[in-house]
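*Asks:* Sequence:
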Amino acid sequence: KEALSLKSKSGVHRLISGLTERGFINRLPNRARAIEVIRHLVDKTGAPIAAPTPKPMIPPPVTSNINLISIPLYGRIAAQSSAEVIRQQISNIEFPADQLTKGASHYALTVASDTMKDAGIIDGDIVIVERTDNVNNGTIVIALIDNKEITLKRFRHKDKADVVALEPANTDYQSQIFPPDRVKIQGKVTALIRKYI
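Under the working numbering, the first residue of the sequence shown carries the number 792, and numbering increases by one thereafter.
Keep in mind that a hint or two might mislead.
As the list claims (entries may be wrong) - Taking lysine-lysine pairs in the DSS-like style, the calculated list, with each CA pair at most 30 Å apart, reads:
{"hint": "1", "residue 1": "K986", "residue 2": "K908"}
{"hint": "2", "residue 1": "K908", "residue 2": "K893"}
{"hint": "3", "residue 1": "K986", "residue 2": "K951"}
{"hint": "4", "residue 1": "K893", "residue 2": "K986"}
{"hint": "5", "residue 1": "K908", "residue 2": "K949"}
{"hint": "6", "residue 1": "K975", "residue 2": "K908"}
{"hint": "7", "residue 1": "K939", "residue 2": "K975"}
{"hint": "8", "residue 1": "K939", "residue 2": "K949"}
{"hint": "9", "residue 1": "K986", "residue 2": "K949"}
{"hint": "10", "residue 1": "K975", "residue 2": "K951"}
{"hint": "11", "residue 1": "K939", "residue 2": "K951"}
{"hint": "12", "residue 1": "K975", "residue 2": "K893"}
No wet-lab data here; the hints were simulated from the structure.
Hey, can you work out the whole structure from these sequences and the hints?
*Replies:* If you want it as structure tokens, here you go:
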């Protein structure tokens, strides 16, 4: 199609049908898209006419316009982990800048539990966390409890009872209820990295 500068498949079909009717090619039965050349084109002297050389199909160059940002990777976060996990950086990971909130600070943690499996976060995943303490109900957060433990849970502030519920996404675990002054939000999960081995 491209070599003959035809715009559609129907143009190719008309060309093949015309060549078949004029006896230049034959369609092979029981074989999809198979043709046989019966008669070659000749000029006025009877010499065969060479087929035109098709234009080479050169793919566009592959360019990588992905701008990566280095994000600090801290430790592993289990159902309940020591607060030290978010205080000691282990390494850095590269992450596409266009998938992060511009101007915000981010960090990463490796998940070491199944408490959020029904939210699609499983053991071994790396969660990308935007540092913030301002989150909406239903947001998956990193919460610091009593300045001692951190946990990965769904945040709910129950206004009537003036309590904070940290909810797992796994029926094997119970929600944790705290007075608001015992819970400090350390950030919200904005992305996830999963490695398949």
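*Asks:* Check the hint pairing K908 with K949 against an upper bound of 30 Å on the C-alpha distance.
*Replies:* 24 Å, holds
*Asks:* Holds or violated: K939 with K975, Cα cutoff 30 Å?
*Replies:* 11 Å, holds
*Asks:* If you draw a straight line from the CA of K908 to the CA of K893, is it 30 Å or shorter?
*Replies:* 28 Å, holds
*Asks:* What's the verdict on K986 and K949, does the C-alpha distance respect the 30 Å limit or exceed it?
*Replies:* 36 Å, violated
*Asks:* Does K893 pair with K986 here, judged by a C-alpha cut-off of 30 Å?
*Replies:* The given pair, whose Cα atoms are some 25 Å apart, holds under the 30 Å limit.
*Asks:* Taken at face value, is the distance from the CA of K951 to the CA of K975 at most 30 Å?
*Replies:* 20 Å, holds
*Asks:* For the pair we were handed, K939 and K949, check the Cα-Cα distance against 30 Å.
*Replies:* Given pair K939, K949 holds - Cα atoms ~23 Å apart, limit 30 Å.
*Asks:* For the pair supplied as a hint, K986 and K951, confirm whether the alpha-carbon distance does not exceed 30 Å.
*Replies:* 42 Å, violated
*Asks:* Compare the distance between the alpha carbons of K939 and K951 with 30 Å, and conclude whether the hinted pair is satisfied.
*Replies:* Roughly 27 Å between the alpha carbons, so the hint for K939 and K951 holds.
*Asks:* For K986 and K908, compute the direct alpha-carbon distance and say whether it is at most 30 Å.
*Replies:* 16 Å, holds
*Asks:* For the pair we were handed, K975 and K893, check the Cα-Cα distance against 30 Å.
*Replies:* The hint holds at about 23 Å.
*Asks:* Given the hinted pair K975 and K908, is their alpha-carbon gap at most 30 Å?
*Replies:* Answer holds: K975 to K908 is near 23 Å, not above 30 Å.
Going through the hint list in order, the structure does not satisfy hints 3, 9.
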